[in-house]
Structure formats: C-alpha cells, structure tokens
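Undergrad: Make the full structure from the sequences, and use the hints.
If you're matching them up, the sequences are chains W and A in order. Using my numbering, read the first sequence as starting at 1 and increasing by one per residue. Using my numbering, read the second sequence as starting at 1001 and increasing by one per residue.
Careful, some of the hints might be misleading.
Simulated DEER-style distance windows between Cβ atoms [stated by the list, open to error]:
{"hint": "1", "chain 1": "A", "residue 1": "Leu1018", "chain 2": "W", "residue 2": "Arg46", "range": "35 to 43 Å"}
{"hint": "2", "chain 1": "A", "residue 1": "Ala1219", "chain 2": "W", "residue 2": "His61", "range": "38 to 46 Å"}
{"hint": "3", "chain 1": "W", "residue 1": "Ser26", "chain 2": "A", "residue 2": "Leu1265", "range": "40 to 48 Å"}
{"hint": "4", "chain 1": "W", "residue 1": "Arg81", "chain 2": "A", "residue 2": "Glu1169", "range": "52 to 60 Å"}
{"hint": "5", "chain 1": "A", "residue 1": "Gln1256", "chain 2": "W", "residue 2": "His61", "range": "51 to 59 Å"}
{"hint": "6", "chain 1": "W", "residue 1": "Gly25", "chain 2": "A", "residue 2": "Pro1230", "range": "48 to 56 Å"}
{"hint": "7", "chain 1": "A", "residue 1": "Glu1042", "chain 2": "W", "residue 2": "Leu8", "range": "24 to 32 Å"}
Keep in mind the hints are simulated off the structure, nothing from the lab. Note that the Cβ used here is the ideal one computed from N, Cα and C, for glycine as well.
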Amino acid sequence: MTQSEWPLWEVFIRSKQGLDHKHVGSLHAADATMAIQNARDVYTRRQEGISIWVVESTHVHASNPDDAEAFFDPANDKVYRHPTFYDVPDSIKHM
Amino acid sequence: MQVAPSDTSALNAYPPELRQLLFQYVLQLADTSLILGHRLSEWCGHGPVLEQDLAMANIGLDLLGETRSLYQYAAELEGQGRTEDDLAFLRIATQYRNPLLVEQPNGDFADTITRQFLFDNFHYHCLVQLRASADERLAAIAEKAVKEAAYHLKWSSEWIIRLGDGTEESRQRLDKALASLWRYSGELTTPTATEKALQATGLIPDYAALLPKMEAHLAHVFEEATLPVPQGVFMMTGGKEGRHTEHLGYILAELQYMQRTYPGLTW
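TA: Structure follows, in structure tokens:
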C-alpha cells in the first residue's frame, strides 16, 4: 500500500443564522464529503454550528509575512478611516 | 436524560403479560445499544486518525444516551425496584438480549465499519417506524434517537463506499469483514417470540415491512462500493434469546467489573 496522506482541509462554521462562517481549524479527509462529516464530528459536538464549509487548504492563498510592513503598517496612522467622528443615535444597537 | 415523564398510570393500563413482553423488548433494545456503544468506546484513543476516533466516540455516546432512556423505561415496566444501573451492571451474559452482531470484536477498521453499517441500516429504519408506536415512551425515545441514527447510517455508508471502492488493501479488508460479519445480519430482522407477539399488537414495527427499505439502501451503498451483496449465507441467531458468542462474557467482565467488585459504588 502506498503511504499517502489525506489532504488537509480548512473548516468554516456558521454559528447561527445571519452570522458569517468563521474559520475554526483544519483537519484531514480523503474528499469533500468526508471532510464535511469529519468537521461535523470534530467541530460541532457542542452545538457550535448550523452550517459547515470546507475548503482544501491548497486552495487558500495567503499574504506573505515578508510583506507585512508594506501591507499593514501604513494603516497605523490613518485614524480618520475609523468612523469615530460621528454621534451614533441611541436607537442604533449593533454598530 | 429521561425522554418522557414517567407515567405509571399509563403503564398500569397494559395487561401484565403485555407489560412483561414490552419489558423484554425494551431490555433487548437497551442491551443492544449498550453493547455496541461499549464496543465503539474501545476505539477511543486507538482510532486510525483523530477525526475517526472522535466520530466513533460520538456514535458510542449517542448509543449510550439511547441506552439510558431505554433502561430507565425497562426498569419502570418491570416495576420490581431495579434501576437502570442494576439492569446494565448486574445481569449475566445469558440474560443479555442483544443480537450477536453488536458483540462481535472491533477487529480492524473495516470490521468495525461493516458491523456498524449492518446495524445502522436496521437501527435507523426500525426507529423511523417506532416513532409511530402507540407506546408513547418508545415513540419519544425513537423520535430523539432517529436523528442520531440517521447520521450514524450516513457515516457508515460513506465508509463502506470508500473502503469498497478504495485501495486494493481496503477492499480486501472489507471483503474479509463482510465474510465474517454478514452471517450476523439476519438476526436483526428475525423476530423472536417476544417480538412476534408485540408486532401482532402493533406496538413495534413489523420487520417484514422494514426489509424492502433496508435492502434498497444496502443495494445502493454496495453498488457505489462495487461490492456484490452476499447470497445464501446461513444466518446465526440466538443473541436476542440469550445465547451469545464467547465475546459477550469478556465485554461484561470489563463493563461490570467496578459494580461487581464494589457493589453500589458511585462517584
């Protein structure tokens, strides 16, 4: 038998209706169907979710840590990008 | 954990003989899910991969939850003051009523999957019908358990397909598992005298009516798995009447050790 590892999958769980899917971790599985079942068993045992997405990890493209300074530091002194100069009416709950 | 409030007036409505039959049947269901749940718990920490280790522990715990509801109900039906713990821990092997299939050893992963699939295919379809039982407690227990069993069947079906239509080695192991376990599948739908009497009252499902649905699902899964359905195999029975294979004694020795050694121990 060839010793082949199952591919890695990233797991996203929606905790309730109206919220977005959040990355919760990763796991190994032979294919997408099994990845969803494994995610159900590993990540939703304590009522964490109502919906599961899985994405094969090789399909995730990440930013390069070497680019961090150029990517993220320039936002440090752009305080005007935060909408903190407005008065939010009391009746607006979820800002 | 109790599914429905105890209502002794409803129990007293049953004639004594019928109540005794129902006690025997509920005990059989409880023993079945206890023994299979225990078998699955033996995998804990030994699964082939973490994901499946958890999956088997989850299924074992589902079965244990169902077991407790059933033993509680059985204890009430018996009405002799025995508790769910007495029924689980203080009966000997010949008093256990589980079918032979569920006491078979875990073997390799293919053996465990095959045992689980053959059981799930019966368990799920039986619970679907049991939900409509005129016995409200059984119907309520089935209503809760059927969702869990639907997932168990999905899980074991997907694995049969992948092992059957997987690598050369997975196929060989699955063929071997089927060759040793198929002979225990017939007992599930072979009614005992107790089951026949209860089927006649309509309180429990008629297995003849379950068979077409079970066979259709099995045929679908085996086709995807490229497995031939075994034919003409002599079916072993007896577990539901207390005649067990040598394996049950070892299970009970481990399961009951603590209560037998330290009677009444709690923690």
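Undergrad: Now look at each hint and say whether the structure bears it out.
TA: Going down the list of hints, with the structure as the test:
Hint check: A/Leu1018 to W/Arg46, Cβ distance near 41 Å, so the stated range 35 to 43 Å holds. For A/Ala1219 and W/His61, the Cβ-Cβ distance of about 43 Å falls inside the hinted range of 38 to 46 Å, so the restraint holds. Between W/Ser26 and A/Leu1265 the C-beta distance comes to about 42 Å, which sits within the given range of 40 to 48 Å. Between W/Arg81 and A/Glu1169 the Cβ separation comes to about 58 Å, which falls inside the hinted range of 52 to 60 Å.
Distance hint check for A/Gln1256 and W/His61: the Cβ-Cβ separation is about 56 Å, which falls inside the suggested range of 51 to 59 Å. Evaluation of the 48 to 56 Å hint for W/Gly25 and A/Pro1230 yields a failure: the beta carbon distance comes to about 40 Å. At roughly 28 Å, the beta carbons of A/Glu1042 and W/Leu8 sit within the given window of 24 to 32 Å.
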